[in-house]
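All chains should be modelled from the sequences, with the hints used to inform the complete structure.
Residue numbers (my numbering), protein chains in the order written: chain B, 1 to 283; chain L, 1 to 413; chain D, 1 to 580.
Please keep in mind that the hints were generated in silico from the structure rather than gathered at the bench. One should not assume that every hint holds.
[Stated by the list, open to error] For lysine to aspartate or glutamate, the following EDC-like pairs were computed, each having C-alpha atoms within a straight-line distance of at most 20 angstroms:
1. L:K349 - L:D175
2. L:K77 - L:D383
3. L:K286 - B:D125
4. L:K354 - L:E73
5. L:K151 - L:E308
6. L:K182 - L:D241
7. L:K281 - B:D58
8. L:K319 - L:E69
9. L:K394 - B:D125
10. L:K185 - L:D175
11. L:K319 - D:D279
12. L:K151 - D:D279
13. L:K185 - L:D111
14. D:K409 - D:E193
15. L:K112 - L:D352
16. L:K354 - L:D382
17. L:K151 - D:D147
18. L:K311 - L:E73
19. L:K281 - B:D125
20. L:K286 - L:E308
21. B:K167 - B:D177
22. L:K281 - B:D61
23. L:K361 - L:D392
24. L:K319 - B:D125
25. L:K185 - L:D237
26. L:K349 - L:E87
27. L:K319 - L:E73
[Unchecked claim] Coverage of chain L stretches by chain D, computed from C-beta distances (three or more under 8 angstroms per stretch; other residues unrestricted):
28. 51-65
29. 76-86
30. 104-115
31. 119-126
32. 222-228
Everything numeric in this text was worked out from a predicted model, so none of it was measured. All residues carry an ideal CB built from backbone N, CA and C; glycine is no exception.
Residues per chain are reported as follows:
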Amino acid sequence: MPSATLLGQSLLSGVFIGALYGLLGLGLSLSWGYLRLINLAHFALAFLAAYLTYQLVDVGDWHPVAALAAIVPAFFVLGVAMQVFVHRFAIGEFASLLVTFGVTVIIESLIQWIWTADFRRLQLDHGALSWRLGPLFIPIVEAAMLLVTLALTCGTWAMLRFTYIGKAMRASAEDPDMAAAFGVDHRRLALLLSGLAAAFAGVAGAFIALIYTLFPAQIFTWVGVIFAVVILGGLGNPLGALIAGLVVGVSESLTMALTEPAWAPLVSFSLLIFVLVLRPDRI
Amino acid sequence: MARDCRHTVAGTSRSLRLALAGLALAALVLVPTWRTDAAPSGQPVRIGSTLALTGPLAATSLIHKIVGEIYVERLNKKDGLLGRPVEWVLKDDQSKADLARTLYEQLVTVDKVDLIIGPYATGGILSAMSVAQRYNKILIHHTFGIPTLAKYEMHFPAWSLGPTPEQTFPNTLFDALANSAKPPKTVAIVTSKFPSVHFMSVGARETAKKRGLQEVLWLEWEFGNRDFGPIASRVKDANPDFLWIGAIGLEGVMLLDAAKKIDYVPPGHFHLYPAPGPTAKAPEAKGALAATIFEQHPPFTNNPVAAEFVKEFNERAAKAGLPDNSVETQAAASFVAWQLLEAAVTATKSLDDKALGQWLKTNRVDTIIGRLRFDGANNYGDDLMRVKQLQDGKWVVVWPREYAAPGARLMMQ
Amino acid sequence: MHRPVKAAAFALVILALAAVPALRPPAFYESFLFLVYLWVALATSWAILSGFSGYFSFGHGAFYGAGVYTTATLASRFDVPVAWTWLAAGVAAAILGLVVGAVVFRVRRLRGELFALLTLAVTFVVATVVLNTRIDGGPGVFLAGVDAPRIYGSASGSLYVFALAIAAATLAVAWLVQYSRLGRGLFAISDDEDVAETMGVPTYRFKLAALGVSCFLAGVAGGIHAVFVGYVTVAETFSLTVPLFVVLMSVLGGARHWLGPCLGAAFIVALNYAFVGGDWAVVGRAIIGATLILVILFLPHGLVGTAVSAWRRAHPAKAAPAAGTASMPAPARSEAARQPVMLRCENVHLSFRGVRALAGVTMEVQGGEILGLVGPNGSGKSTLVNVISGYYRPQAGRVLLGDDDLLTKGGHRIASLGVARTYQIPRPFSRLTVAENVALAAMFGAARLDRISAWHESGRWLAFVGLAERHAALPSQLNLHQRKFLELARALAARPRLILLDEVLSGLTPSETAHALELIRSIRAGGATIVFIEHNMRAVLEISDRLVVLNHGEVIAEGEPRAVIREPEVVTAYLGSAHA
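Dropping the structure here:
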């Protein structure tokens, strides 16, 4: 029988990775839900941000927060530029999959060209510090990531729900013509949303750099699980993406704590299948 | 008016598209013609190979590419092979086994290269080996992890693991530990399910049992696992004297990192095939043990060829922007492969695969990792794997003693 | 070109390709083409379900992988002859697909992204099972000494032929499916599945059949590929490559045409191969990405989509279906006329999450009559139509058509028993032409015509409602009035005994309304029974034989129209009570 500490610690671990799933899924969910853009390049952007963070912090000796402060606005602009491109060429939902795959491959090549395909790892002086909470340990960087994720997710949710911009976005997603008739400028909203999504990718990337190891082909290893999280959470639903991320993360962690870690995907994805088949209305 | 507007927009977007298309076309035309200058004169000896230059296995590809370039340049500076210049025909198999097969067929049946040399990584090498077998070519290859799968009589492994590394290497490691100041009594074996890694971990498990070490934990995770928290917690709970991490790349560092975050440092830990550079930089990896066939310190660098190679590789790697510039298993295995090829061609004065194969099977070849032979089971000879340890931020061989760096010995925390 | 000619041309091309190894080309060409054929088979098999029906699957890797591992296991561990393992690979993949489909396709909500998610999850589950059981266990499976049966002298030549065979078979199946009932049904599902079911398309069976065929072909392709690589691992087999690339190839080529994925696959494989030079591998990869972007910018509808619309522009006039006479054709089932009771609803109850929509509706429709069904907004009229046509399943009650209890039958069975309906807001199949929309009803409704007869039949009904001129238009090119009449033509082409007309008049001008009433009368004259739901009370009174009034999900009055609307309860329902 595993100890309570083991279970508690694994639960925490699951919450943290789940939060990262949610954070990575957030931008993807927004652009898929509101812009009907299946943005594979979201992952490439996240890893580009991760490599930039690595470069600034490890080589340039910046503080991680300073790196984040530089990356977020830059990525916002990048996101806006991408949307200008998408709009200009009137790229549809499935064509977007092809175009963004092309962008992904280009960014992957760029990363490999600059940083080589070899493993990179950002070594922080205090990266492995933890707070102690009774028998449990709370790693500081992960805790910061959880807080940032919660803030961004709730902020996005509140923006969509309460502000004029958010309401306009939802209206525009449901019925563009009707929304346009009420004076909603879909194009501007799309630029804003796309910029936000890319900025979120930037934030997620910075945390990937702080916590994980970097390697260009990793761009594709996250696609499956994040797609699952985004769809499970409901397209365009920020809270849903976070909750779905936590469910997948925690169920994987607990499986790893209790049984063979290699079986972890079986548990989380079987769970997902059962939920889908038995309670499709709850999604 | 409105109509005119639309016209203009459509017009610009078309010219924009054309400009983009033009750029791409220019790239298409320019790139293939932009090649490095070939050898000066004579009918070159063409040696073909593929490497996983892109895709999921690309991490170490640049090392192999640099080594190949260094070696070919060296050959051409001397007398080439058989007095002829050497040309290396290198293709990118994109980390795909099926593409590797197709490319080797292209090298053999269309490009009609004189000799082929293997890629790295198990899947790619097996693909190349099946092609070599069909066309009776010898195949010297770099880093092939599972000797029992290599059934072809004319394959020659540069990474000399011996026919049963899953038994011999864990024995080497446990010998080293038994001779340390604090021999472990309990061991936890955790491993990635990466094929060539997993098979060694299974062997380590059996070896530990045979040697009377108590196994307190056995765990496997899927290659590509992201969350090492629960695994670290379980290792902490099991509290072993020694931790075997069947890891490739940085999985071991991620596990140690997760362990440190729950305030746990395993007393001793071994990493099978770690990425040496980033691992050396990680403070939590202090004292890590790993497997190697070559490190750039004496006695390995007593060999002048090795010393010269180390110097040249260090420079080139730095120029290419590799995170780690030192020569270790990957670069050394790659170098040895070329050494084997050169030795065989020079000795037989021939490019005939049969003659070369025959010679390699019956002779011993001096390389920078030692004397290699190919007369054992599946053409494997001795297990030349050593144990190295991360001491003061540097990897040094600590076992067997005759290969240890001067003054270095296994430290236990 | 006629179909037999096309088929012969197709067979000739395949035979010519099959003869290539006899010329003893360098093995490289065979292996390169092998990869092209492999991806043609995978992408085309994917499109049979996902491209045609719009159920985008991210799980093709699971079915391909099931094939890979079936062959690997049987051939390396049990020494089964390779050709048999390929058959087994197809069967194993098909069984996996059918099990998944049998569960998933029963759940109405699992469409679109949710279906994609589910199939993706299946891939993860299958991969984990293979990785952690004896099927693989971790070290990968090495197919030592396993070779394809020799057709030509060389191994690569023989494998080439088998890959060509599976690619050709997949293309042939896709072609046949596209122009068969199955294909028509799948295209209808892709546009509007609920309407398709109501019009008689057995959606569940069709999707399952398409998935089964698709998986079988992918499984065989996987089995052949296992022999080609010789060493299979979980990481490579179940990676994102297969599901991602089949989608990319199909989108690039055009997923709604049998030839599209084939062209997309050939293009992408060749493109990938164009940059295998060692010196510029990384730059080459970037160029691949850029090329994909450019192609989709120039050809936003895919290769085949663009080609087809170009061809259509060059040859605008496709032969119209024979117009026939504009008069009412002979009744489908004249014996149906003047049956005492055609349809009987008994005590039908239906609630949505506690909100009562139908509270014990009991009513009859007599054979040959026009029954007006009226009531205020939200009284349950459209809900009742949805129950009769099989879309909703009530919690209690019976709906009898003759002796058949409709509630025990799926929507498509109800259609084939002779019930057809129109939608208040027209729901045509948006990517089928007007004529195809109508022909589909004739194929799957009570008429059950074959493709050719259905085509001619569509001409008659389009002429009848006055849309013959617009037969080649897409529904989006019609105005509202025309779309309403298209709804009517579709319902009529099914040759139903009972037609449920849900507010066909709303939004029409007075002259259009008069024309519509004219048509409805002549439909009845042809022998069909009509339930006429309408807000336009004047029209109802003008045309109905009898009236049923619904309020709050209950029948509050029925009988002779002019008498019924004077009943106090009806007046209250419409105008509010005097005390209010």
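Verification of the hints:
Proximity of K349 of chain L to D175 of chain L is assessed by CA-CA distance (about 43 angstroms); at most 20 angstroms being required, the pair is judged violated. Taken as a hint, the K77 of chain L and D383 of chain L pair is broken in the structure, with Cα atoms around 33 angstroms apart against an allowance of 20 angstroms. With a CA separation close to 15 angstroms, the supplied pair K286 of chain L and D125 of chain B stays within the 20 angstroms bound. For the suggested pair K354 of chain L and E73 of chain L, the alpha carbons sit about 26 angstroms apart, so the restraint of at most 20 angstroms is broken.
Of the pairs offered as hints, the one joining K151 of chain L and E308 of chain L is violated, with about 35 angstroms between alpha carbons and a cut-off of 20 angstroms exceeded. For the given pair, K182 of chain L sits about 9 angstroms from D241 of chain L by alpha-carbon distance, which is consistent with the 20 angstroms threshold. This hinted pair checks out: K281 of chain L and D58 of chain B have alpha carbons roughly 11 angstroms apart, not beyond 20 angstroms. Restraint check: the Cα-Cα separation between K319 of chain L and E69 of chain L comes to about 14 angstroms, which is no more than 20 angstroms; the hinted pair holds.
For the suggested pair K394 of chain L and D125 of chain B, the alpha carbons sit about 19 angstroms apart, so the restraint of at most 20 angstroms is met. Taken as a hint, the K185 of chain L and D175 of chain L pair is honoured in the structure, with Cα atoms around 13 angstroms apart against an allowance of 20 angstroms. Proximity of K319 of chain L to D279 of chain D is assessed by CA-CA distance (about 16 angstroms); at most 20 angstroms being required, the pair is judged to hold. With a CA separation close to 32 angstroms, the supplied pair K151 of chain L and D279 of chain D exceeds the 20 angstroms bound.
Restraint check for K185 of chain L and D111 of chain L: not satisfied, since their Cα atoms lie roughly 57 angstroms apart, outside the 20 angstroms limit. Pair hint K409 of chain D plus E193 of chain D holds up; C-alpha atoms about 17 angstroms apart against a cutoff of 20 angstroms. Taken as a hint, the K112 of chain L and D352 of chain L pair is honoured in the structure, with Cα atoms around 13 angstroms apart against an allowance of 20 angstroms. This hinted pair does not check out: K354 of chain L and D382 of chain L have alpha carbons roughly 23 angstroms apart, beyond 20 angstroms.
Between K151 of chain L and D147 of chain D the alpha-carbon distance is near 15 angstroms, which keeps this suggested pair within the 20 angstroms criterion. At most 20 angstroms may separate the alpha-carbon atoms for a hinted pair to count; K311 of chain L and E73 of chain L meet this at roughly 15 angstroms. Of the pairs offered as hints, the one joining K281 of chain L and D125 of chain B holds, with about 11 angstroms between alpha carbons and a cut-off of 20 angstroms not exceeded. Distance restraint check for K286 of chain L and E308 of chain L: the Cα-Cα separation of roughly 29 angstroms exceeds the 20 angstroms cut-off, and the hinted pair is therefore not satisfied.
A C-alpha spacing of about 15 angstroms is found between K167 of chain B and D177 of chain B, which places the hinted pair at or below 20 angstroms, so the restraint holds. Annotation: proposed proximity of K281 of chain L to D61 of chain B holds, straight-line Cα distance about 15 angstroms (limit 20 angstroms). As the CA atoms of K361 of chain L and D392 of chain L are separated by approximately 41 angstroms, the hinted pair breaks the 20 angstroms bound. Taken as a hint, the K319 of chain L and D125 of chain B pair is broken in the structure, with Cα atoms around 27 angstroms apart against an allowance of 20 angstroms.
Only pairs whose Cα atoms come within 20 angstroms are accepted, and K185 of chain L paired with D237 of chain L is accepted, the gap being roughly 16 angstroms. At roughly 18 angstroms between alpha-carbon atoms, K349 of chain L and E87 of chain L fall within 20 angstroms of each other, so this suggested pair holds. The hinted pair formed by K319 of chain L and E73 of chain L meets the criterion: a straight-line CA distance of about 17 angstroms does not exceed 20 angstroms. With 5 residues bearing a CB less than 8 angstroms from a CB of chain D, the region 51-65 of chain L meets the requirement of three and the coverage assertion stands.
Figure legend: the region 76-86 of chain L, annotated as covered by chain D; annotation inconsistent (0 residues with Cβ-Cβ distances under 8 angstroms, at least 3 required). Counting residues of the region 104-115 of chain L whose CB lies closer than 8 angstroms to any CB of chain D gives 5, so the stated coverage by that chain holds, three being the minimum. Counting residues of the region 119-126 of chain L whose beta-carbon sits less than 8 angstroms from any beta-carbon of chain D gives 3, enough to reach three: the coverage restraint holds. For the region 222-228 of chain L, the stated coverage by chain D is satisfied: 3 residues place a CB nearer than 8 angstroms to a CB of that chain, which reaches the threshold of 3.
Checked against the numbered hints listed earlier, the structure breaks hints 1, 2, 4, 5, 12, 13, 16, 20, 23, 24, 29; every other hint is satisfied.
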